[in-house]
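**Student:** Residues 4 to 374 in the working numbering are what the sequence shown spells out, letter by letter.
Watch out, some of these pointers could steer you wrong.
Quick list of the computed label-pair ranges, beta carbon to beta carbon [what the hints assert, rightly or not]:
(1) N188 - T256: 34 to 40 Å
(2) K248 - Q66: 55 to 61 Å
(3) I292 - E259: 20 to 26 Å
(4) T154 - G118: 33 to 39 Å
(5) Q66 - Q309: 20 to 26 Å
(6) K275 - L117: 46 to 52 Å
Result set (DMTMM-like, lysine to aspartate or glutamate): computed pairs, CA atoms no more than 20 Å apart in a straight line [as the list claims (entries may be wrong)]:
(7) K269 - E259
(8) K305 - E131
(9) K75 - E47
Derived by calculation from the structure, the hints in this document are not laboratory data.
Don't be surprised by glycine CBs; every beta carbon is placed ideally from N, CA and C.
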Amino acid sequence: NFAAHLSAIKNKSLIIHQGLKNVAGTSWGLSKNIRRQLYLTVVEKVILYASAAWAHNITARQQRLLCSIQRKFLLNITGAYNTTPTAALQVIEGLMPLHIKAKMQSTLVRVGRLGRNCDYEGTHFDHESYEQPSPPSTIHPALFSLEDRITHGLQVPSNRTPTEVYTDGSKINDQTGSAFCVIANEAITKTWKAKLSPANTVFQAEMLALKAAIEWANTANEGVNIWSDSESSLQALKSFNVKSKITQEAQMTLLENARIRLGWVKAHTGIKGNEIADTLAKEATTDGIPASLPFPKCFLKKQLLQLSLSRWQAEWDNGETGRSVYSIIPKISNKQLHWSRECIQFATGHGPFPSYLKRFGLHSTDYCGCG
Numbered sequence: 004n005f006a007a008h009l010s011a012i013k014n015k016s017l018i019i020h021q022g023l024k025n026v027a028g029t030s031w032g033l034s035k036n037i038r039r040q041l042y043l044t045v046v047e048k049v050i051l052y053a054s055a056a057w058a059h060n061i062t063a064r065q066q067r068l069l070c071s072i073q074r075k076f077l078l079n080i081t082g083a084y085n086t087t088p089t090a091a092l093q094v095i096e097g098l099m100p101l102h103i104k105a106k107m108q109s110t111l112v113r114v115g116r117l118g119r120n121c122d123y124e125g126t127h128f129d130h131e132s133y134e135q136p137s138p139p140s141t142i143h144p145a146l147f148s149l150e151d152r153i154t155h156g157l158q159v160p161s162n163r164t165p166t167e168v169y170t171d172g173s174k175i176n177d178q179t180g181s182a183f184c185v186i187a188n189e190a191i192t193k194t195w196k197a198k199l200s201p202a203n204t205v206f207q208a209e210m211l212a213l214k215a216a217i218e219w220a221n222t223a224n225e226g227v228n229i230w231s232d233s234e235s236s237l238q239a240l241k242s243f244n245v246k247s248k249i250t251q252e253a254q255m256t257l258l259e260n261a262r263i264r265l266g267w268v269k270a271h272t273g274i275k276g277n278e279i280a281d282t283l284a285k286e287a288t289t290d291g292i293p294a295s296l297p298f299p300k301c302f303l304k305k306q307l308l309q310l311s312l313s314r315w316q317a318e319w320d321n322g323e324t325g326r327s328v329y330s331i332i333p334k335i336s337n338k339q340l341h342w343s344r345e346c347i348q349f350a351t352g353h354g355p356f357p358s359y360l361k362r363f364g365l366h367s368t369d370y371c372g373c374g
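Kindly produce the complete structure, drawing on both the sequences and the hints.
**Tutor:** Following this line, the structure appears as structure tokens:
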């Protein structure tokens, strides 16, 4: 049940928290923003380590343990009173509850890395719908000879061939398109357009266009230059250590045909082929042939974040603590509000106020002297 693991995490977090207290107090040392950044980049990473193994079916006890761990850092970041509700501090600082973030990270790893189907917040995630890391290339590094055949950084095409291919990818109004055109003797001899899912990225569209162009060029019985305005795609094709399946497939075709060369052209500089490919890619967002590519990992992260924020919102709506802050901030966000310590005390009611001090017998009345 990973109880020992979580207990070790708690002990480790206490050591980190004490170290943070040694270099930052409520009014001295590291600034609030730096403390928050340290929490996000160091503390959370330590706490959520291996969450794919233990956080998928988190128990109520584990949830309370994670909340108690996070609370110490929230108090250190905000300088709030020790009695301030944890839920209120999470919303004020835009820091997602750890039990929600742990389950989100667990689902991300299971679907995006381990290739497992997973259910999260009522949504089913099929791992086959998302990009999975491809096995390392089986090509020997000595035989990977694409460095001298793929150039980038040139502003105009050089080493012209009778047949030139121009590729492009486009994303307009949340629609994604991919296209290439073939120009021979100043005439357009072939065009190709494909429409991708709105979830696919421009990089995927650019790479699909390059792959399709490379496959077409492989059938031509002549030398072919392929030009793209996507420098990142060309860099990916030159790289030996790529994990993208579509990129690896394009590389394999290139290695089979030494007569295909690729180069970079600057976009929107009046180069005829590039302008035609750009127009075709925009048209492809509406009338291209349907093309199916796995969704990128960034889309999976976006989906999980939206579901996690919805879960956090539901807990905030139905919570029993932090209601004074809820009346001010009914909608949660993962963005920091940048409230000062005094503002937090005022909004939560946990501060040097007669109504608060009277609860602990430190003041005779709950009325303020100023009326």
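**Student:** Do the Cβ positions of K248 and Q66 conform to the proposed distance bound of 55 to 61 Å?
**Tutor:** Since K248 and Q66 have Cβ atoms about 38 Å apart, the given range 55 to 61 Å is violated.
**Student:** Sort out whether E259 lies within 20 Å of K269, counting only the CA atoms.
**Tutor:** Cα-Cα ~28 Å, so violated.
**Student:** Within 20 Å, alpha carbon to alpha carbon, are K75 and E47?
**Tutor:** Holds. K75 to E47 sits at ~13 Å (cutoff 20 Å).
**Student:** For the pair K275 and L117, does the Cβ-Cβ distance stay inside 46 to 52 Å?
**Tutor:** The hinted range 46 to 52 Å holds for K275 and L117, with Cβ atoms some 47 Å apart.
**Student:** Regarding I292 and E259, is the given constraint of 20 to 26 Å on their beta-carbon distance met?
**Tutor:** This hint holds: roughly 25 Å between Cβ atoms.
**Student:** For a C-alpha distance cap of 20 Å, please report whether K305 and E131 respect it.
**Tutor:** At roughly 17 Å apart (the allowed maximum being 20 Å), E131 and K305 satisfy the hint.
**Student:** Do Q66 and Q309 keep their Cβ atoms within the hinted range of 20 to 26 Å?
**Tutor:** Distance hint for Q66, Q309 holds at roughly 21 Å.
**Student:** Is it true that T154 and G118 lie within 33 to 39 Å of each other by Cβ?
**Tutor:** 36 Å, holds
**Student:** Is it true that N188 and T256 lie within 34 to 40 Å of each other by Cβ?
**Tutor:** 25 Å, violated
Violated hints for the displayed structure, listed by number in ascending order: 1, 2 and 7.
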